[in-house]
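Under full-length UniProt numbering, the first residue of the sequence shown is numbered 1, with each subsequent residue one higher.
One thing to keep in mind: the hints can contain errors.
With a cut-off of at most 25 Å between alpha-carbon atoms, the simulated BS3-like pairs for lysine-lysine come out as follows [stated by the list, open to error]:
1. K182 / K126
2. K182 / K139
3. K89 / K33
4. K267 / K249
5. K44 / K33
6. K811 / K847
7. K892 / K918
8. K293 / K126
Here are the computed distance ranges between Cβ atoms for each label pair [said to hold, decoys possible]:
9. N309 / N592: 32 to 42 Å
10. G819 / R685: 43 to 53 Å
11. G508 / K967: 45 to 55 Å
12. E608 / N73: 56 to 66 Å
13. N592 / T496: 35 to 45 Å
14. P693 / L298: 22 to 32 Å
15. E140 / E252: 45 to 55 Å
16. P64 / Y978: 45 to 55 Å
17. F308 / K231: 42 to 52 Å
18. L298 / K231: 56 to 66 Å
19. K967 / F76: 43 to 53 Å
20. L298 / F460: 38 to 48 Å
Calculated directly from the structure, the hints in this document are not laboratory data. Glycine included, every Cβ here is placed at the ideal spot set by N, Cα and C.
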Amino acid sequence: MLWQDKHAALTFMSLLLLLWQEAAPIEVPEDLKQPPTIMKQSVKNYIVDPRDNIIIECEAKGNPVPTFSWRRNGKFFNIGKDPRVTMRKRSGTLEIGFRSGGRPEDYEGEYQCFATNDFGVSLSNKILLRVSKAPLWPKEVLEPVSVTEGSALVLPCNPPPGLPPPFTFWMDSNMSPIPQDKRVSMGLNGDLYFSNVLAQDANTDYSCKARFLFTHTIQEKNPYKLKVQTKEPYNDTSYNASEPHGDRKVAESTPTFLSPSGSESSKMVLRDEQLLLECIAAGLPTPIIKWFKKGGELPGQKVKFENFNKTLKIVSVSEEDAGEYVCMANNHLGTIRHSIFVQVKAAPYWLHKPSDQVLAPEENGRLVCRANGNPKPRIEWLVNGQPIESSPTNPNRQVLGDTIMFHSVQIGSSAVYQCNASNEHGYLLANAFVNVLDLPPRMLGPKNQLIKVIKNNRTFLDCPFFGSPLPELRWFKNGQGSGLDGGQYRVYINGTLEIKRARAEDEGTYTCVASSILGKAENQVRLEVKEPTRIIQAPEHQSAIRGSTARFTCRVTSDPSLPVSVAWMKDDKPLYLGWRLKKDDESLSIPNVNEGDEGTYTCTAKSEIDQLSASARLTVLEVATLNPSVSSALLPARPDPPMDLDLSDPAARSVRLTWIPGKEHRSPITEFLVQFEEDRWEPGRWQNLSSYPGDLNSVILQLAPFVNYQFRVIAINSVGQSDPSRPSPRYKTTGAAPDAIPKGLRGWGSRKDNMEITWEPLLDLERNGPNLHYIVWWRRKDAEEEWNNLTTVGTNHVVHNTEIYVPYELKIQARNEFGAGPESNLVIGYSGEDKPTDAPTDLRVSKVDSTKVIIHWNPVDLNSVQGEFKEYRLYYWRESSQVPGLVVSKEKKVKGFYSTTAKPSGMLSDLAPYSNYKMFMVVANNRFESQPSNTVAFTTKEGVPDAPRFFKINRRSLDMIHLEWAKPLEPNGILTGYQLKYQTGELILFVKLMCNM
């Protein structure tokens, strides 16, 4: 069985008292260490042209840059031993050349690419390589085919089996296509079918052709010649298509099936593939073919009939297309039926494709691989290309069928996992890495961007960021206030801030701040809101007499700070002005109009952030007088506005709106747009309600409660929109209790003795009635106390005199004069945090080497943290270097360790060799740190020195060169000498130089 085929990180949910991390689309910056990811590969079924070199693609990214290897037919493919095979640099793509000989067929087989670096192995699909084949048609002598007039006939094609299969068609000896109709047509198998033979069918010969796509060659079968036996003499000059047999008597026959045979057959097709069903019948008169589906209607949106109704085609099959299809052939002598039982199977397809995970040390996560198919696929897991059951045991990993759970991951456990879902019809293979990183927040986008947007437009401010653990991102405006989220603003998980409708007051400096236990990073975006560019006088359709002057006006207004350019096009192509056409700021003049000037002219007003266009058509007339009725008949125009709006069938939340369409002006109305205005929340502002097809003029409008509506309708055709209709009478819906639940309910401590409860207000059209207010409930979790509640019109409430960091259950409900809306689900909030009372003790080190050290400490009682336990935070700094005279930075660094074990420990890495360090530790919650632990000093061992700062040739002579280099910035120990490597011819020599040279 073939086996089968990304971004990580970091939203949380509670499950069995563990925090599981779900995948979110956050890219790992390429400068960070990460396992390989396959970016490009050849298709699974790969057919190549034998005349070209063979290229099998495999591209991957990773850090370090991956190395590549291949397997062929399940065995290691030693590329170095085959002179015809080369691998591209920094790539796994293979190129197989045949300039020096060799047969492409010798390289057919199954190939799989392995991309490897220090953090894992990623796999390509198994690529089945086959060489295109265009075999010759077997030599054969075809005797003339004798057939009785009126009888059925099948001329076999039987093309040679090519790869891919050839495209077949029929022609005569003069290379003219054989005419096909409901009587004569080619079947799906390439054979030519005659439902009944006419005497004149003998006037031509019939040759089947096969076109091979890769080689662009056409091969042909020897032609068939027909001898049509007639009972009465046949005169070719007397043929009449309406009476093909003339006055001669030819026996009529009832329908019989030529293909398929019998009364029933079956067909299996795979999901998403094309279904082709065929029925070809013999008979005289020529039978008519009709199709039905037993037990239901044919899916009209998907079904197409081809080949004169003899072929039923469904382009993309789904499971509901299975069943019994019946084709019926009939003429006036009788009717026959054939049932085709269609069974839909499915190669595996994704329900949940595993995606890359980025986890911080001690975090939890999972990979989910779910696929469906028919039969149901088998799920297999691999790690770094090896079956997971035969890989080294990992106590932090648990395989549960289609899910792998990760508990308290550690640095060094990064890997690439493969999920293989397979059944008898195919396979899927997906790579997903788990990358364990411990990195403070960082910003990925450009600094201090200036964004200009058009007023009232939906606006997005990007703030791409990264960190592990996943930082929390918040936006602030003008460096003050609380975070922006809710109401006018929405923050996406990737850091983007959406402003739903930019207004002048939204201008300012926006700061995004990404923070985690390891630190924070921020970036700023300056937003400027501009007035839109408008065409206040658009060009109009016009007719001009040949030789006269035509003038199109295009008057534009825009924001004073945005330069605007106006360009003209004719028939959607840039307009060349030349010496004749004249353009100024507001118009285009066309003097001495001729026939070539006729067409559609478009002016486009463009600023740096917006553009809009308007068009008009110029018609050139030969006559010297303009008849308005003739002129207007030539030009399509915008429709007139709808008229006589009427409201009927009133209901609590709906009403019927009916109108009379205006004149179409030579372009059919394709759509009606219904708009509404209400006089309570935003009076005077017309908003889109819904749109309807152009053949409707009476619709049911779905409405919100407690709104005083009026409506208008706009007609749309290919030229543009009509002016709005006159408004309808007002229609006021009755009030009702709220339907919506306030969003964003949360509880958090702004001080150590309080809990602030906040939520988002309902939208105006969600109020459903007057006197909207909110009831918020809270109570201590697990304390079996009664609910406390408060009724307010605001969007927050502060609970005072709380104990430190206590969980509360919260819920909320909206009410108005008509009643109460639904209650929210329970939300857990917490009161404020205080400074931890205990500090870690007995901080100590072990296993010190040149760049890392193992640290140990005695933990605190978690009750003493007085808040959510975030981490043990280690502060450390480089006190000095043991290299005499070397000055070092004493900047204090920090690293967090999450551990709740009785004997915690961790690794401190990326230290400078041969240096004296000091460190202390605190325990931290979300707001405070404890007093420091004891301070510990330790010394790292010698390490490999850095490279010399420079190395150059000062001067040279015929037999001598003078070299100069500088000491490395970080000797990482006591330097004892340098090693010089040089090459003469193919001989490589080494020279050791002592430091005092």
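Hints and how they fare:
no. : hint                    : in the structure
1   : K182 / K126             : violated (45 Å)
2   : K182 / K139             : violated (32 Å)
3   : K89 / K33               : holds (21 Å)
4   : K267 / K249             : violated (41 Å)
5   : K44 / K33               : violated (30 Å)
6   : K811 / K847             : violated (52 Å)
7   : K892 / K918             : holds (10 Å)
8   : K293 / K126             : violated (39 Å)
9   : N309 / N592: 32 to 42 Å : violated (57 Å)
10  : G819 / R685: 43 to 53 Å : violated (29 Å)
11  : G508 / K967: 45 to 55 Å : holds (51 Å)
12  : E608 / N73: 56 to 66 Å  : holds (58 Å)
13  : N592 / T496: 35 to 45 Å : violated (55 Å)
14  : P693 / L298: 22 to 32 Å : holds (23 Å)
15  : E140 / E252: 45 to 55 Å : violated (35 Å)
16  : P64 / Y978: 45 to 55 Å  : violated (27 Å)
17  : F308 / K231: 42 to 52 Å : violated (28 Å)
18  : L298 / K231: 56 to 66 Å : violated (42 Å)
19  : K967 / F76: 43 to 53 Å  : holds (46 Å)
20  : L298 / F460: 38 to 48 Å : holds (45 Å)
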